[in-house]
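A.B. asks: Here is how the chains run, residue by residue.
Number of protein chains: 2
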Amino acid sequence: MAAARHSTLDFMLGATADCNAVLKALQPVFQEQGMTETVHNWEDHGYLATYIKKNGSFANLRVHPHGLVLVDLQSYNDHAKGREETDQLLNKVEERMKEVFHGNLKRVKRLPAILRGGVIDRYWPTADGRLVEYDIDEVVYDEDSPFQNIKILHSKQFGNILILSGDVNLAESDLAYTRAIMGSGKEDYTGKEVLILGGGDGGILYEIVKLNPKMVTMVEIDQMVIDGCKKHMRKTCGDVLDNLKGECYEVLIEDCIPVLKRYAKEGRMFDYVINDLTAVPISTSPEEDSTWEFLRLILDLSMKVLKQDGKYFTQGNCINLTDALTLYEEQLNRLYCPVEFSKEIVCVPSYMELWVFYTIWKKQTEV
Amino acid sequence: MAAARHSTLDFMLGATADCNAVLKALQPVFQEQGMTETVHNWEDHGYLATYIKKNGSFANLRVHPHGLVLVDLQSYNDHAKGREETDQLLNKVEERMKEVFHGNLKRVKRLPAILRGGVIDRYWPTADGRLVEYDIDEVVYDEDSPFQNIKILHSKQFGNILILSGDVNLAESDLAYTRAIMGSGKEDYTGKEVLILGGGDGGILYEIVKLNPKMVTMVEIDQMVIDGCKKHMRKTCGDVLDNLKGECYEVLIEDCIPVLKRYAKEGRMFDYVINDLTAVPISTSPEEDSTWEFLRLILDLSMKVLKQDGKYFTQGNCINLTDALTLYEEQLNRLYCPVEFSKEIVCVPSYMELWVFYTIWKKQTEV
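Sequence order for the protein chains is A and B.
The numbering of the first sequence is the UniProt record's numbering, which starts it at 1 and goes up by one.
The numbering of the second sequence is the UniProt record's numbering, which starts it at 1 and goes up by one.
Treat the hints with care, since some could be wrong.
[Said to hold, decoys possible] Here chain B is said to cover these stretches of chain A; the calculated rule only asks that three of the stretch's residues, wherever they fall, bring their Cβ under 8 Å from a Cβ of chain B: (1) 8 to 19; (2) 35 to 47; (3) 50 to 57; (4) 98 to 112; (5) 239 to 247; (6) 350 to 357.
No wet-lab data here; the hints were simulated from the structure.
What you are looking at is a predicted structure, and each value in this text was computed from that prediction instead of being measured.
Note that the Cβ used here is the ideal one computed from N, Cα and C, for glycine as well.
Could you build the full structure based on these sequences and the hints that come with them?
C.D. replies: Rendered as structure tokens:
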């Protein structure tokens, strides 16, 4: 399917614009391309001129009386020649504006063109809602499991990226994430009992198994995540997902809630619990949202299976989502047992935003 | 000046679209808003419908016969109510499309809205030409020096960011950059002679001065970069730029070429030369571009003032710009003396792309 290429070019004039002068200056540039013009005049809000070309491309010229001039151009992205023509048209518009408004041009801004409707989707906004484009050049895996949409997309610089229901989870470049959620190299896993909640990409499991633990149990609900990652995220998981059972580890394909309940009932205890399930929900009204209750349930059950001197690691959220982070920390005050926590800010390469990780432990009763 | 808010909403239909059916389905949604319609019918390229509202906002509905439906909406960003109205209109369009084309809707994509023409510019494309939005909330400094435009913009997560002529140079979050261009913690600077070329943000100088060097000489051409950074990039430079001379360092406000020539003539030698001048030029035709000659001149002169067992550090470029990196490495084979090099890939938080750093040293003659 042919994608559309959307180009923008913006001008900020220093003083109030003579809308008519802008229109007059640029009309010939579009008309030279054989584009047909339609003009709407708001009187009090300036002009919108639309230019239509026979080949299916079109341009908008929006002139605001306060001096903002916005040019949009939509064309097909299917051949290099078309892209060149688009760029040449924008160059001509820019030249003409500089000629005519030379001294009065405060800023010119041309953004990289946006590809819309392509087979490969390069736009995966950050957790704090910013528009970012990835250097994705291949759809490696794209399936719907009973739980979520699972995509693995190839980025030139980050390697394969796991995207679950639209959220960038982890790329092969992101050892920094795995290191952070394991305690940033400050823990000794030798001979320890470890429980991983989620973690279907296999990164945490792969790294801990190298450290001679006694036993690592990983509880992942979605077999299809494991299947996709063991094939396409091998820089992250190595061969650890090839078998669900190894000398010092076991992967259970189960919902972690009943497993945690079972372990709590049996009195099974762990040195480390690593929650790699989901980011903190963004909702700021926890009363209305059972997600916070769910999070607290996980935390409470995890504390029940955590040894008195054990540690619980989890990711928090983007550092900019301060409300969500505060709400999460409030939940920590509402657990069945008193806990303390520390946090660390880490740069995870493929996230394009700084991420907060938590270490939580049971408050030691004073002797 | 009121910025414009540009929202997009894209639909990919599974099969060839009945363009007329899309138009018919969405017309009422726009008309309910009191928007006036103009329709262009290409026959072979589908429809463009333009909807104009009295308050100066407008929408485009572009229906492609191959099943791509693109909605654009431009409105003022000046008040929350207007933004809500825009979002509600897009919600209605999305609901209506889902209602009518339920089974045939392959993908729906709504990008974060783009702010165009605002006082604060949040869009600073990466070196490899990708569109990325920063969380910038304040213009801290914006001046033209005789050499370049100097901006310092505040990012919520990265702190203040130095942007030179549109290129993101360094943010207060970017100690990773400074560490990398100093040799990633593997060097012992105690008692050493160090030469920094450029480095006006003061980051390298500040970090090396902590390590008890014998003498650090920094040569920066642009006093205004230093003035801006010493005031607004203090997490990067500390107090090191408050005076151009300290116990073990000196800052020369000069073009580094004549300084290097002088040192070479005098026979002054350094243990480390750190080139923090500019990224590798992106041009792929070095014959036509004197930038490569300039780079080679710097390299040659630097090698002349570098001790036989000294090291030269520099940044390369974005890892994706492989042609530029290859060309750079070719230059290294064309210096007056044989050199060897290694490179390292580093994640610099504010860059939103992986960056290559070089270590270069004189080839040791075999005994």
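A.B. asks: Against each hint, give a clear statement of whether it holds in the structure.
C.D. replies: Evaluation of the provided hints:
1. Only residues whose C-beta sits within less than 8 Å of a C-beta in chain B count toward coverage, and the stretch 8 to 19 of chain A has 3 of them, enough to reach three; the restraint holds.
2. Coverage of the stretch 35 to 47 of chain A by chain B holds. Counting CB-CB distances below 8 Å, 6 residues qualify, and the rule asks for three or more.
3. Coverage of the stretch 50 to 57 of chain A by chain B holds in this model, with 5 residues showing a Cβ closer than 8 Å to a Cβ of that chain against a need of three.
4. Check on the stretch 98 to 112 of chain A: 4 of its residues sit with their Cβ under 8 Å from a Cβ of chain B, so the three-residue criterion for coverage holds.
5. A stretch counts as covered by a chain when three or more of its residues have a beta carbon under 8 Å from one of that chain; for the stretch 239 to 247 of chain A and chain B the count is 0, and the coverage is violated.
6. A count of 3 residues in the stretch 350 to 357 of chain A with a Cβ less than 8 Å from any Cβ of chain B is obtained; the coverage claim is therefore met, three being the minimum.
Of the numbered hints given earlier, the model fails hint 5 alone.
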